[in-house]
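Enquirer: Listed here are the chains, written in short residue letters.
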Amino acid sequence: MSVLIYAENADGKFKKSIFEVVSYARAIADQSNTTLTAISIGNINTDELNSLAKYGADKILNVANAQLKNFVNQAYASVIAEAAKKEGADIVVLSNSFSGRGLAPRIGVKLDAGLVDGAVELPELNGGKFTVKKTAFSGKAFAVVELTSANKVIALTPNSYKIVEAAKTAKVEDFNVETKESDFKAMLKEIVRSTDKVSLPDAEIVVSGGRGLKGPENWGMIEELASLLGAATACSKPVSDSGWRPHSEHVGQTGIAVSPNLYIAIGISGAIQHLAGVSSSKVIVVINKDAEAPFFKVADYGIVGDAFEVVPKLIAAIKEHKALV
Amino acid sequence: MTILVCISNVPDTTTKITFTDNNTQFNTNGVQFILNPYDEIALARAIELTDGGKGTVTVINVGEANTEPTIRKALAIGATDAVRINAKPHDAWFVAYQIAQYVKANPFDLILTGRESIDYNGSKVAGMLGELLDLPSVSIIKKLELDGDKAIVEREIEGGKEILTIPFPFVAGTAEGVAEPKIPNMRGIMSARTKPLTVIEPVDVKTNSEIISYETPAPRGQVKLVAADDSGKLIDLLHTEAKVI
Chain A
2 MSVLIYAENA DGKFKKSIFE VVSYARAIAD QSNTTLTAIS IGNINTDELN SLAKYGADKI
62 LNVANAQLKN FVNQAYASVI AEAAKKEGAD IVVLSNSFSG RGLAPRIGVK LDAGLVDGAV
122 ELPELNGGKF TVKKTAFSGK AFAVVELTSA NKVIALTPNS YKIVEAAKTA KVEDFNVETK
182 ESDFKAMLKE IVRSTDKVSL PDAEIVVSGG RGLKGPENWG MIEELASLLG AATACSKPVS
242 DSGWRPHSEH VGQTGIAVSP NLYIAIGISG AIQHLAGVSS SKVIVVINKD AEAPFFKVAD
302 YGIVGDAFEV VPKLIAAIKE HKALV
Chain B
856 MTILVCISNV PDTTTKITFT DNNTQFNTNG VQFILNPYDE IALARAIELT DGGKGTVTVI
916 NVGEANTEPT IRKALAIGAT DAVRINAKPH DAWFVAYQIA QYVKANPFDL ILTGRESIDY
976 NGSKVAGMLG ELLDLPSVSI IKKLELDGDK AIVEREIEGG KEILTIPFPF VAGTAEGVAE
1036 PKIPNMRGIM SARTKPLTVI EPVDVKTNSE IISYETPAPR GQVKLVAADD SGKLIDLLHT
1096 EAKVI
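As given, the protein sequences belong to chains A and B, one line each in that order.
For the first sequence, our numbering begins at 2 and goes up steadily by one.
For the second sequence, our numbering begins at 856 and goes up steadily by one.
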């Protein structure tokens, strides 16, 4: 019995969400007094691999097979499931990232394991019951799910578990598995990265604009505010539906659900579908000229005012604040 | 080309979510159920790909008789025929297992799901189907184009996208960008009544998860308003009080 995590890398680097996964899995391993193994697949250097030990990995498996350099959903799932079997891991934890959501169900089926996606808290063990809290109804609620299978897979929502340092001395071991050809039917042609911007699902601060901004030409100040805060930009559904911004920025029930530390909504009224996607943000700021906008009811801070007057003032204040610190 | 679109019957996006029986049951009282919005995208793309006699689109749903209005809606939008597996959709594993058994007996060139259902948001059925059928699966796609006996798909990743080529058959979960949802026209609505809807009984399978209870997000305190003239003060508050910048 032990815990295995999949440490997904992006271009040879682990993101914060992976250290969250390690911290979370460390706590699970401690709950049941067992060890934590991490598996990494693809190009990555030893320093980066060793960083997993800082958050509690006892053992680090490195898969350097050239065929697995880039993400192949089917093949990666096979490798991770194989590692779980070899390590005797009965709990596999990974990030509920785009890739994680492709892997988790396949790993679950391979290991005959129940799967909780979108977990937001540590599992609870009560009277032999293993339960995990997860988001449901697109952020409008949470569900507590019991996994009744012997093996379990958990996909952790980014930004929902705090990173805890728990330095271990871990050894990096090469891990080799035989791959099967039928796992490589899907072929990667190209990776397109928008490197200059903070990615929305990973962002700790999100600056989001709505129809109140009147048109795509007015997004300059949103981008400036976001860039000053190191934030990702986002938008409401009407904005992406009108083609003012790409769909990948649409936050809400039928778009992406985010859980940043700070969500700044500018010119968004706060329809129930939008609120669903942002309800797990830690702090919500609403800027809207309509004092009756429903968004104010779920906001922590608000400014009733015209975005075109308020946002430039915020930008000036941040510049001043930055000059001071 | 034969396409299978897996559809879910979910609460309308405007639904206020509440629970009964000591927070153990979702309160469906007064809730309107709809075709899952992401499944509408899958269905729309399937219809586009088979338009003009280039194939058929079958929709499949695991649900009890009360999901039939949603299935008829899919038929009205343009699906060729429908299958309902007569069971409560216990969890993603149960649903995927039932659909996989059907597909093993009735193979398709392409199997589409929505990227997730808007009730439990799992993104699980596509991957589970892929594994059960030993087919490639792509969980969240933004684009799907044909290229001979292969498809070119765009997969979303954090801060970008991957472009993949995949030979048929495969499984994919569709997100915004793949197609615009279609609205049924009068002819579609009329013909939906007579299109074939086959009801089959589920097979036995051991489930591995149970929902024990539900919670709603903790309410936030009263909003703290900052005067528009004094907007800069907000930055101070976010720094010194909320400590988020």
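Since the hints were derived computationally from the structure, they do not count as laboratory data.
Please note that a few of the clues may not be correct.
To be clear about the criterion: a stretch of chain A counts as covered by chain B if any three or more of its residues have a C-beta under 8 Å from a C-beta of chain B, and this derived list gives those stretches [stated by the list, open to error]:
| id | region |
| --- | --- |
| 1 | 73-85 |
| 2 | 119-127 |
| 3 | 166-178 |
| 4 | 215-226 |
Here are the in silico distance ranges between beta carbons for each label pair [claimed, not checked]:
| id | chain 1 | residue 1 | chain 2 | residue 2 | range |
| --- | --- | --- | --- | --- | --- |
| 5 | B | K943 | A | K87 | 44 to 50 Å |
| 6 | A | S33 | B | T1095 | 40 to 46 Å |
| 7 | A | L123 | B | N877 | 51 to 57 Å |
| 8 | B | I1038 | A | G216 | 45 to 51 Å |
| 9 | B | D876 | A | N71 | 29 to 35 Å |
| 10 | B | D1091 | A | K87 | 53 to 59 Å |
| 11 | B | T1095 | A | A292 | 21 to 27 Å |
Don't be surprised by glycine CBs; every beta carbon is placed ideally from N, CA and C.
Enquirer: Compare the structure with each hint and give your call.
Expert: To see whether the hints hold, each was checked on the structure:
For the region 73-85 of chain A, the stated coverage by chain B holds: 3 residues have a C-beta nearer than 8 Å to a C-beta of that chain, and at least 3 were required. Counting residues of the region 119-127 of chain A whose C-beta sits closer than 8 Å to any C-beta of chain B gives 1, which falls short of three, so the coverage hint is violated. Residue count for the region 166-178 of chain A with a Cβ under 8 Å from a Cβ of chain B: 0. That is fewer than the three needed, and the coverage hint is violated. Chain B is given as covering the region 215-226 of chain A, and this is violated because 0 residues of the stretch bring a CB closer than 8 Å to a CB of that chain, at least three being needed.
Checked against the hint of 44 to 50 Å, the pair K943(B) and K87(A) fails, with Cβ atoms roughly 37 Å apart. The given range of 40 to 46 Å is respected by S33(A) and T1095(B), whose C-beta atoms sit roughly 41 Å from each other. Taken as a hint, the range 51 to 57 Å is violated for the pair L123(A) and N877(B), whose Cβ atoms sit roughly 23 Å apart. Between I1038(B) and G216(A), the C-beta spacing of about 26 Å breaks the proposed range 45 to 51 Å.
Take D876(B) and N71(A): their Cβ atoms lie about 48 Å apart, and the range 29 to 35 Å is violated. At about 54 Å, the beta-carbon gap between D1091(B) and K87(A) stays in the expected band of 53 to 59 Å. For T1095(B) and A292(A), the Cβ-Cβ distance of about 25 Å falls inside the hinted range of 21 to 27 Å, so the restraint holds.
In this structure, the hints that do not hold are numbers 2, 3, 4, 5, 7, 8 and 9, in rising order.
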